[in-house]
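Q: Which chain is which? The protein sequence lines are A and B, in order. All letters in the first sequence, in the order written, are residues 1 to 970 by this note's numbering. All letters in the second sequence, in the order written, are residues 1 to 439 by this note's numbering.
It should be emphasised that the hints constitute simulated quantities derived from the structure, not laboratory data. Heads up, the beta-carbon is just placed ideally off N, CA and C, and yes, glycines get one too. Honestly, I wouldn't trust all of these hints.
The calculated lysine to any residue pairs, modelled on SDA-like cross-linking and capped at a C-alpha distance of 25 Å, are [to be verified]: (1) Lys109/A x Pro477/A; (2) Lys692/A x His239/B; (3) Lys881/A x Gly324/B; (4) Lys595/A x Leu689/A; (5) Lys881/A x Arg279/B; (6) Lys595/A x Ile132/B.
Residues from chain A that face chain B, not an exhaustive set, calculated with beta carbons under 7 Å [what the hints assert, rightly or not]: (7) Ile360; (8) Gly544; (9) Cys820; (10) Val822; (11) His826; (12) Gly842; (13) Lys881; (14) Gly882.
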Amino acid sequence: MGSVAVAAGCSAKSEDNLFTMVQATEDMVVGQESWYASTCRECPAGCGVLAKNREGRIIKLEGNGLHPVNRGSLCIRGQAALQGLYNPDRLWMPQLKTEKGWQEIPFDKAEALIRQKAGAAVNRGSGRISMVTETVGRTQLDLFATVLQTFKSPPPVVFEPLAYESLKFAHQQLFGDPVLPVLHMDRADVLLGFGADFLETWLSPVEYARKFKSMHQLNDGRKGVFIQVSPFQSLTGANADRWIGCRPGTEAAVIMGLVRLVIDDANGRQVNRSLRDALAGVTEAYTPEAVARLSGVSVEDQAVVGRQLLAAKRPLVLGTGAGSDGGHAVAAEVAALFLNLALDPELSLFDFNNRHRVEIADRRSTVLDAFDAMDEKSVELVLINNVNPVFSIPGGNRIAKILSDKKRFVVAFSNFMDETAALADLIVPVQLALETWDAYESNSTTMATLQPTMGKITQAPALGDLLLNLLPPEKRPAADYQALVTRSVLAGQGSQTAAAWLKTIQKGGRFSDDSTTGGSPKANLRAAATLKTCLTALPEPEVGDVLMAPPSIRFFDGRGANRPWLAEIPDTLTQIAWQTPALVHPDRMAAGGIKDGDRVVLETHAGEIEVPVYAYAGVFPGTVVVPAGLGHTTFGRWARGQGVNPLSVLDPSVNADAGAPSFATPLISMAITGTRMSLATTSGSRVSLGRKIALSMAIERIGHKDGHKEPGLTMDTFPLTPPTPEGYDPERDLYPPHDHDGYRWAMIVDMDRCIGCTACVAACYAENNLGIVGEERIIEGREMAWLQIQRYQDPADMARVTFLPMMCQHCDNAPCEAVCPVYAPHHSKEGLNNQIYNRCIGTRFCAQNCPYKVRRFNWFDWQWPKPLQMQLNPNVTVRSKGVMEKCSFCIQRIKAAHNTAKNEKRAIRDGEVVPACAQTCPTGALTFGSLMDPASRVSQLIKDPRAYQVMGYLNTKPAVIYLKKVTQIV
Amino acid sequence: MEQTLTYRKIDDTVLDTLTPPQRSYWALVALLFAGVLMGAGCWIYQILVGIGVGGQNNPVHWGTYLINFVFWVGIAHSGTLISAILHLFRAGWRNPIARAAETMTVFAVCTAGLFPFIHLGRVWLVFYMLPIPNQRTLWPNFQSPLMFDVVAISTYLTVSSLFWYTGMLPDLAIIRDRAVGVRRKIFTVLALGWTGEFEIWRHYTRGYLFFAALATPLVISVHSVVSWDFALSVVPGWHTTIFAPYFVAGAIHSGLAMVVTLMIPLRLIFKYEAIITDRVLESVAKTIVFTGLIVAFAYATEIFMAWYSRNPVEMETFRWRALGDYALEYWIMVTCNTIIPLFLLFKKVRTNIRVLFVISLLVNVGMWYERFVIIIGSVAHDFLPHAWGLYSPSLIEFGIMIGSFCLFFFLFVLFVKHMPSVSMTEMKETLHEGASHAG
């Protein structure tokens, strides 16, 4: 037996089963989940996650409530991290490139090969090894440096496609250090952005989504003001009280106009005299008229922004977005920082003691230099850690050429055959963030920890261990990487005991509650000279068209493209899934006779791409926006050949000052091909035709009675009819109310809080085992989303949008229930509209009769290619073909709460049941609870005068109550 | 012409149609059967792969299967109308076509009855809809209009089949009396020992009359029930009280057109000119004008009510039907069902057999599109604009649709060559009653 065990243990094959009942680990109780705290590494923000482990595998990620960055929420990409872990295209074994193609080799052989190549390189001289890594924690970065130093090579280059070079440059000019301070956006009362997409990709999206809603929520009849001036109204811009389009690259001019206004304002705020003197010469030229001429922002609009800024107590100005033009962005960022200084000399909303980790990323110019240096310095061994520069750097083919040079051996530590890994000589998969021990400083005050959240499904080593093994034993800083992590986690801590370590790991890190600002460093006003140079160096604004390729909330720089959830969940603004559209201004399309779905060829100096057009009012006319992220040539089954990569036609040059890349480039021509394609859109109409669907109300009306209307039976006059006996009136209702037993579950959706980030949708896909249908089926209208973020545009101004989270309304008087011949939709004693899958025979009458069209039919058996099926939630049935399904209010979570409450002989407490969507919402837009409990939050919120029911006049008595969006005209 | 008919001539004309068929007949039967097999193959494929092989989607969950269901149920209407209601009204002109119309009814109900099965996502569990006692004490939901359908359609099929068979009994006896060999044995069984004694005739005529009285409400009820599939929902364009009479009128409209479509070739092939006279066809044509006007009135009422309600959702639904993505289908419906039948007001038109035939085909097309406009044109564009979507049938759906037409004609063609396609008994009654009743 022993020999068998040894033989089995030495096998390089992964185990078929994650556990056996006989050998279940101590803390595993079948049927019960355990939670492991870790850190999300899908982007450099470093949010804390709790991984839900059931029977040895993680089935769901939720935000770690203790983590100061995300406080319990996760974004759409964070939710989809699981689909990286269980991706069927994941590489399970090291791949060695041979003449006959890729050859699988064992891990020990791969390790030996790297050691041998490293040894050979170092024997020939110093600087022969080069490493390019993603943003990592200090522990890992130090280890990289140590290893490289041992091999007489320079420290690694940290490549991050979105590295905020311009912003860092601005800080360096003014404060001496290229830093990225955390902003106290929540304390601001007026927020002015020039494209910073802080709800999508900018620095730390979950954190800023929360902080933004904190300043922008309705509070005592008032809310903070957010204005965005940018060429492209991103999701962030769509959440602004006012979006003002400006010509691409002229943000700096608009900011300078505002600086001029602020420092000249005689009766206004105190502006530091030295600052005024420093800037006086620079701002002169930026009269409102000049700015208007340059940027296309009218004098009135400038005045509006100026008035808001001057009236503000705690204004905050944000610069350009991650996807901005390099050259213009530098001037804009410096100018924005000066504007902040002029408005608030203390910069009290900047926390210079607490800075985002991504600031360690090297600027783009450094990264490009590093690749160039590989040729010049005859680098023999290149180590690439989980980055894909060939895809995400414009002009990636230059890097591709350097990497594919036969003279050097390229090792890619990657779990996927992406564009860069495909060029490597050896691909070594290493443990992903959810499988490994590590530490990551999300920001300066947060030491977040990572731990293996489940048993191994691959034999891959941790990258740290692999690198440690490269060192001679006596030079290793620790026996293994876990020990190294332990040491660095405990380093800053008083208690060095194992208990302290365990506590830190359990919490998911060491979080400092200290959020006091240490004051800002003294501003170096000589930076005004830099500003002047930057401004004068500004090229004349492009009179022609401009192509912008911003990163997207779903795919980030493109790393999310092979996660089916991210591709399947449509972009909120366009409602298009799976495809890359070109967003063009409707006026422009009308002039050119272009319609949605027409394919056009966009030509720039670097090449051309062919994309379908989609009308989008939120772009400055003349700007064409093609979101980046798709268009992979390899990477996996869902990414390959899907969409278009606009980065490939951007100008590869970088800005000389900041080393920043450009995500915008002049568009030479937009030629109609004459062909069309069906857009994979989930939206049937852009507008709501004045129906009682996505309602908003002006802030001035808050607190005023809407009392002019007598309750009646029409769409506009129908009263709120709660799904409780109070909602019934013999005048209207033929049937008596339902008797509810203890609870009447309901949800309140605060549309004023919904930012349209679709994190909830991804959480729903993960929690409820929703099928992925793909592009073609979405075109056919067969998406399976139980929860959609619907987008309605304002016909008066198509750039204004309202987001409406739409899920099963769990009506008390449900149209679906009556029409099913076999009672498959069933009204539960707690008011839920249950769908009994076993009972369903697929007449689809329920879906036809549902006014909200939230029922989803399984047209086929959906596929979960192995090992993606390991993610499936064992508490939720996987539906087979021919069955209707829909939102269940996460009934499995309600059931679990029932069990706990019953064991503890009590009723379920308010807030104890949190559906997956509500759990992950960064802005707290969704509230769930029982209406039978008069003290519950939902019972309180339903009394809000903003409360209404979508299409309530049908007398369906929905249990999802919406609170109107609050608009303010600024 | 009718005056020249004798009892013997009637028997001869009808029985001549039962002579052993030619090769071309069997070729036609084989072709139709191949079509049936093709349709069955499509259905089997759909069961194996999933309903998704059709074109339905969200929001249009109901497609051609339901359209064809309603279409065939509608066709099934006129048989009973002609044989039962017109029998009660003593309208003599119905006698020559009653048998063929009833046959059409039975086969059309059979064809229609398949579609709810084809439509189901999990047809293998269809027995959940039957009120079978089971240990889980699960019972069908009799609130659901689909359960009404189960009851209504099965009742209609039972009654119309029995009515059809009862009416055939004396004719079967005539064939038995003239047949030899195996055929005689078969018809002996089928004729149920008919002797033609006075007592039997007395019971038979009474029974047939009662049957007609019993079947009459079914004509109204079946299609009313089918209309409730839609009217009992909340969907704009469906949720309206006009639906029952509207559907019944539409059903009769399409059924009469189908009768004309079937009678004209039948008359030509079987040389029935002496029996199915121009006058008979003309009478049907006149009725088509009448039903066409009712249908036109229903269309106008729907639009008026949408406008009168001031309900923006209703108004948008009807605006979109006429001017939106399915405007072509809508105007095909309006033209074929209401405008083209008006040409039958002219005697020259309705007595021109070829034109009459073409018009009857167009009315059939129009009525198919009426169901398309009702079913697709409502849910594709209902309450939530975000959910709006379009639908177009897939090849599999077309396969099944063609299969259903093949099935109907397959059965019909088999019948007319093996059974008396005109009721000899009732023709003789017509002679007996004389010309005064025959018009």
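Q: Each of the hints needs a verdict: does it hold here or not?
A: Now for the hints, and whether the structure bears them out:
The hinted pair formed by Lys109/A and Pro477/A meets the criterion: a straight-line CA distance of about 23 Å does not exceed 25 Å. Between Lys692/A and His239/B the CA atoms are separated by roughly 19 Å; this keeps the pair inside 25 Å, and the hint holds. At most 25 Å may separate the alpha-carbon atoms for a hinted pair to count; Lys881/A and Gly324/B exceed this at roughly 32 Å. The hinted pair formed by Lys595/A and Leu689/A meets the criterion: a straight-line CA distance of about 21 Å does not exceed 25 Å.
Restraint check for Lys881/A and Arg279/B: the C-alpha separation of about 54 Å exceeds 25 Å, so the hint is violated. For the hint pairing Lys595/A with Ile132/B, the CA-to-CA distance comes to about 56 Å; that exceeds 25 Å, so the pair is violated. At its closest, the beta carbon of Ile360/A sits 43 Å from a beta carbon of chain B; the interface hint therefore is violated under the 7 Å criterion. Below 7 Å, beta-carbon pairs count as interface contacts, and Gly544/A has none with chain B, the closest being about 36 Å; its hint is therefore violated.
Given hint, Cys820/A at the interface with chain B, holds; its Cβ is 6 Å from that chain's nearest Cβ, closer than 7 Å. At about 4 Å, the closest approach between the beta carbon of Val822/A and any beta carbon in chain B falls short of 7 Å, and the interface hint on this residue holds. Taking 7 Å as the C-beta cut-off, the interface hint given for His826/A is violated, the closest approach to chain B being about 10 Å. Taking 7 Å as the C-beta contact cut-off toward chain B, the hint placing Gly842/A at the interface holds, the least distance being around 2 Å.
Taking 7 Å as the C-beta contact cut-off toward chain B, the hint placing Lys881/A at the interface holds, the least distance being around 4 Å. At about 3 Å, the closest approach between the beta carbon of Gly882/A and any beta carbon in chain B falls short of 7 Å, and the interface hint on this residue holds.
When held up to the earlier numbered hints, the structure conflicts with 3, 5, 6, 7, 8, 11 and fits the remainder.
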